[in-house]
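Visitor: One-letter residues, chain by chain:
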Amino acid sequence: MDNELSEIYAFIGSIAPFEELPEQTIVKLVSKIDICYLKQGQQLPPAQIEEGCFYIVRKGALSYVNQLQELIGKYGEGDICTVFCYPEKYADIQVVCDEDCLLYAVNKQQLLGCLIEYPVIISFFEQSAEERLKAKVSQIQDDAVVNSSLTNTAIDQLYQTPAATIDQGASISETAQKMTELGYSCLVVIDEDKNVKGIVTDKDFRRRCIAQGITPDNAISEIMTPDITMLDVRNTAFDALITMTSLHIHHLPITDQGRLAGMLTITDLMHYEGQNAINLTSLIHKATDVDELAEISKLIPKLQVKMARLGTPAEQAGKSISAITMAFTIRLIELAEILYGKAPVPFAWVAAGSQARQEQMAQSDQDNALIIDNSLQPEQAPWFERLAQFVCDGLAQCGFIYCPGDVMATNPKWRQNEDTWHHYFSQWIENPEPKALMHCSIFFDLTTIYGDKNLLNRVQARMLMRTQGASLFIAHMSKNALQHKPPLGFFRDFVLVSDGNNKKAMDLKHNGIAPIVDLARIYALQEGITSVNTIERLKQASGTRSLSKSSGANLIDAFEFLTTLRLNHQANQLQEGVKADNFLAPKEISRLEREHLKDAFKVVKTLQENRQAVY
Amino acid sequence: MFDFLFGLEAKRRGLSTKVPKGPLKNFLSVPFPEPNTPISEVPMLALDFETSGFNATTDHLLSIGHVEINQLSIKLASAEHYLLKSGIERAGDNVAIHQITELESQQGLSLENAIERLLNAMAGKVILVHYAKIEQTFLAAACKALYGYAPVFPIIDSLVVAKNRLDQRQAAYDPSNLRLTNLRDSYQLPAHYAHNALNDAVATGELLLAEIAHHHSRQKPLKHFLR
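Residue numbers (our numbering), protein chains in the order written: chain A, 28 to 642; chain G, -16 to 210.
Calculated from the structure, these hints are not laboratory results.
Derived DEER-like restraints, expressed as beta-carbon distance ranges:
| hint | chain 1 | residue 1 | chain 2 | residue 2 | range |
| --- | --- | --- | --- | --- | --- |
| 1 | G | Arg152 | A | Gln70 | 26 to 32 Å |
| 2 | G | Asn19 | A | Gln70 | 26 to 32 Å |
| 3 | A | Ala37 | G | Ser12 | 40 to 46 Å |
| 4 | A | Ala37 | G | Asn9 | 33 to 39 Å |
| 5 | G | Asn38 | A | Glu615 | 56 to 62 Å |
| 6 | A | Gln75 | G | Thr164 | 25 to 31 Å |
| 7 | G | Lys(-6) | A | Ala37 | 40 to 46 Å |
| 8 | A | Glu615 | G | Phe37 | 52 to 58 Å |
| 9 | A | Ile143 | G | Ser93 | 36 to 42 Å |
Residues of chain A placed beyond 12 Å of chain G at every Cβ, according to the derived structure:
| hint | residue |
| --- | --- |
| 10 | Lys101 |
| 11 | Leu209 |
| 12 | Ile428 |
| 13 | His449 |
| 14 | Glu620 |
Glycine included, C-beta positions come from ideal geometry on N, C-alpha and C.
Chain A extracted, bound-state conformation (with noise of 0.2 Å):
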């Protein structure tokens, strides 16, 4: 006869929070329900109810709504009202029925009673949207540490043992030879009893010796740095990182026991990470031709995969993709200057888009423009023409599709000199039209990726110049920017798209990130501020008329949150051999994630309601 409220159990067990609850559970929280109606345009809490309690809308809708009679929130069917529990949190806050409801109340202590042994729960109540993303956010952060796999990893399995070693009493001279031969840059320096008395690098003899005028005959001992740090070999490569990233050496002695065992460098610990960018990087400096770089660029989805399972933030992630393709970018354009000879006149090779901002993923497209030194003659045309012909089909092998809106430096448009550069970006600022809106919102995250960086400075700097006083330009920024909403339903559910393949899923791109990214380059302009990177105009905004300190922060929370998101995603699409795509089916993510994507979502919301507001 337990089933007797059946459907209550049901709707309770359903919701957020309550989802994880055992039956016994949910049966009690249910005996402490009170239901309640309320008419439209009625406000809370019910006449009848004086003390606290969680209204949780079994139908209709309720609408919070600040002092300056705003509208800060909606809440729909299996939302919880926890206005009148926190009232502390929620000052001047009113709740009005904006349809007919029926609640069931519950009072604060009775129910928080029930939930006494889910401390999560509680404080899943007890935090608003922002601050729970921001408990998530820094939860990742921490997982990044935790899951590195330096911290797994003991120094017993890095380090070169038995560590090189010369006795104090041997010359300068003969140091240097010893270190010539074994091809190390770095010694040990050891007295009769093998004790450690120092270490020397190749930097003592130019900063020591030579700098000093100290004859290469005297003892070693004399230029060799004392004192030094040692690490007992029973930590962890990620303690030996931080030890040496602190004290900016290279170098880190190893010891078992007191005595000397072994060396590490910050090599070691880097040849550990494997295909890390920076290894990524050289290999594509040495590539001799195109076909060698297609081959390099396979290695780039494994390492994305490899990051996201790591825990790496996606800040990063996407800083070490954007570094690698500018790696591809600069080697292709190298390549091409052998083959049809160095450039007429300066110029800037320019990134736009996502690689600009350095927040690229693997398989994104290539957005790309030459700006030219006015000094162009036509005759010197044909040559851009081929270097960017050769790049962009380049980059294209290297897996970066072109660009499907054709902005590229093979479109003649984007391929000009400085001039019509300055040009262009006047005439999109005096006539914001919907072309040029696009337009704006492309070129105005660019980053020189080889060439003179003064050529895209200055168009930049004048580009500023203008938007800071434009107001009707950034109207018209504003407005284009809120046309990429969240996928929230009227009353917090997710609306769903089709991901191409019938299956229903989230856009996280255009629905989540690109309202960010919009923001961002809006403060931006608006401020006058010249980064291009989302976080670091976030940063530099907050605190200005633009954007409040707080909101910056929780914009900032929701970037990383659904930027991590879309990076794991990728990740398990990438392993499983599939294109990586923006699309997150719901049920890929676990119900508590769930929660937080939709307050990242809320986040985005808001500010956009905001920047609607003052437009």
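Once you've looked at the hints, dock chain G against the given chain A.
Guide: Below, chain G alone, put in the same frame as chain A:
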């Protein structure tokens, strides 16, 4: 209508002297709520019976569900649902409809225990039902069989409350509009699983709350709602 409750209160007093000691007498010894009490202050008991048919003399009571309504809030803490042993073997196909398995019905209460429990819950309250005839006739038949007398009690029939409202509009309406499910739909109340006595009692309570919120003042005296 005024006279009805005053009359009812008089009947209660008269009857309580005649009825032998026991659950019915106890029930009748508690005064009914004052007819001028604002509806929001009236203690109510939303009640539903599941029966094997519509005839109180030939059909049988299968289960009882009720829940208290105080201050226009339905108190799920007070929700009760119990099954009866009686007459189950003759209930036939209807048992399946009412989602009561034979095993459950064998574990049910005797009619005597069930009615005693019900009368205890009803004492001092106005009884809220949707289409009161079933509950009235079955309870009367049961009490007559058990105690020799049928009880009197104040009833709000949510069907009648809705009917009166619709009749005042002078527009024709389909009588099926008065069914519990359809009335709930008209207030966009969530779909409920019918044919469970407690679910129906809660559903009836929700309907009355919606009815009052939309068409009546919280201060409106009880007497206007009584059947």
